[in-house]
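**Q** Using the hints provided, position chain H relative to the given structure of chain U.
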Amino acid sequence: DVKVTQSSRYLVKRTGEKVFLECVQDMDHENMFWYRQDPGLGLRLIYFSYDVKMKEKGDIPEGYSVSREKKERFSLILESASTNQTSMYLCASITGVSQPQHFGDGTRLSIL
Amino acid sequence: GENVEQHPSTLSVQEGDSAVIKCTYSDSASNYFPWYKQELGKRPQLIIDIRSNVGEKKDQRIAVTLNKTAKHFSLHITETQPEDSAVYFCAAGGYNFNKFYFGSGTKLNVKP
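Protein chains in written order, with the working numbering: chain U, 1 to 112; chain H, 113 to 224.
Source of the hints: derived by calculation from the structure; they are not laboratory data.
Just so you know, not all the hints are guaranteed correct.
Computed footprint of chain U on chain H; a stretch qualifies when at least three of its residues, placed anywhere within it, have a C-beta under 8 Å from a C-beta of chain U [unchecked claim]:
(1) 124 to 138
(2) 141 to 147
(3) 212 to 222
EDC-like, lysine to aspartate or glutamate: derived pairs with alpha carbons at most 20 Å apart [what the hints assert, rightly or not]:
(4) H/219 - U/30
(5) H/134 - H/171
(6) U/53 - U/17
(7) H/154 - H/191
(8) H/154 - U/22
(9) U/71 - U/26
(10) U/13 - U/62
(11) H/149 - U/1
(12) U/57 - H/114
(13) H/149 - U/105
(14) U/55 - U/22
(15) H/180 - H/114
(16) U/70 - U/28
(17) H/154 - U/79
(18) H/219 - U/22
(19) U/3 - H/151
(20) H/154 - U/38
(21) H/180 - H/191
(22) H/180 - H/196
(23) U/57 - U/79
(24) H/183 - H/151
(25) U/57 - U/30
(26) H/154 - U/1
(27) U/71 - U/56
(28) U/18 - U/51
(29) U/57 - H/139
(30) H/149 - H/196
(31) H/183 - H/168
(32) U/53 - U/30
(33) H/149 - H/161
(34) H/180 - H/117
(35) H/180 - H/151
(36) H/169 - H/196
(37) H/223 - H/129
(38) H/223 - H/195
(39) H/149 - U/38
Built from N, CA and C at the ideal position, the CB exists for glycine as well.
One chain only, chain U, in its complex shape (with noise of 0.2 Å):
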């Protein structure tokens, strides 16, 4: 079964930290993804990857990077933390092409 681990459940950062929240999955999975999930907004796609090293924008990129170094793992970096980043991260991975997305148990980051 695929596992996708997310390393934290919750965070409370403040205002202009680097905050990074990192995601390893364990089935060797190319593509990787990170979303952002908000009442009435569903989840909305902030960066993915489909390599190492390589990366693409999501829809709403602004205020994030990533990091892919390694397959297994892919961070998401908050440059500089602002209270409107306060949010429910979500980390997926896929096993192929047209196949369900596996996510994560999410990270729940309060910025004050």
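**A** For chain H alone, kept in the frame of chain U given last:
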């Protein structure tokens, strides 16, 4: 890019009744349409999916229909039970780096 609209945003049914959630999409290139169920505090989990070469798919009490001409797909849950209460998300995509676009979600409440 793709645009997915989902209705209704909330749905309340009596136990044993049927529930229908509808989604429309804009990009005719989308070829894969998964449905996810997200219980409170948990990760989204795939419950059923359909590919563009199929019009209908059923799995016990859950069914999905797809009308490619109208760019419309629906989730049908029959004989609803209290444990069906959750937020349901539709998604469309699969053709471009396996990216998906999600609907805004439907909160289903099944009253005992």
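**Q** Give a verdict on every hint.
**A** Hints versus structure:
| no. | hint | verdict |
| --- | --- | --- |
| 1 | 124 to 138 | violated (count 0) |
| 2 | 141 to 147 | holds (count 3) |
| 3 | 212 to 222 | holds (count 6) |
| 4 | H/219 - U/30 | violated, 32 Å |
| 5 | H/134 - H/171 | holds, 18 Å |
| 6 | U/53 - U/17 | violated, 24 Å |
| 7 | H/154 - H/191 | violated, 24 Å |
| 8 | H/154 - U/22 | holds, 18 Å |
| 9 | U/71 - U/26 | holds, 9 Å |
| 10 | U/13 - U/62 | holds, 19 Å |
| 11 | H/149 - U/1 | holds, 18 Å |
| 12 | U/57 - H/114 | holds, 15 Å |
| 13 | H/149 - U/105 | holds, 13 Å |
| 14 | U/55 - U/22 | holds, 15 Å |
| 15 | H/180 - H/114 | holds, 14 Å |
| 16 | U/70 - U/28 | holds, 10 Å |
| 17 | H/154 - U/79 | violated, 27 Å |
| 18 | H/219 - U/22 | violated, 29 Å |
| 19 | U/3 - H/151 | holds, 18 Å |
| 20 | H/154 - U/38 | holds, 14 Å |
| 21 | H/180 - H/191 | violated, 27 Å |
| 22 | H/180 - H/196 | violated, 27 Å |
| 23 | U/57 - U/79 | holds, 15 Å |
| 24 | H/183 - H/151 | violated, 27 Å |
| 25 | U/57 - U/30 | holds, 16 Å |
| 26 | H/154 - U/1 | holds, 17 Å |
| 27 | U/71 - U/56 | holds, 15 Å |
| 28 | U/18 - U/51 | violated, 24 Å |
| 29 | U/57 - H/139 | holds, 19 Å |
| 30 | H/149 - H/196 | holds, 9 Å |
| 31 | H/183 - H/168 | holds, 14 Å |
| 32 | U/53 - U/30 | holds, 11 Å |
| 33 | H/149 - H/161 | holds, 12 Å |
| 34 | H/180 - H/117 | holds, 15 Å |
| 35 | H/180 - H/151 | violated, 29 Å |
| 36 | H/169 - H/196 | holds, 19 Å |
| 37 | H/223 - H/129 | holds, 10 Å |
| 38 | H/223 - H/195 | holds, 10 Å |
| 39 | H/149 - U/38 | holds, 16 Å |
Violated hints for the displayed structure, listed by number in ascending order: 1, 4, 6, 7, 17, 18, 21, 22, 24, 28, 35.
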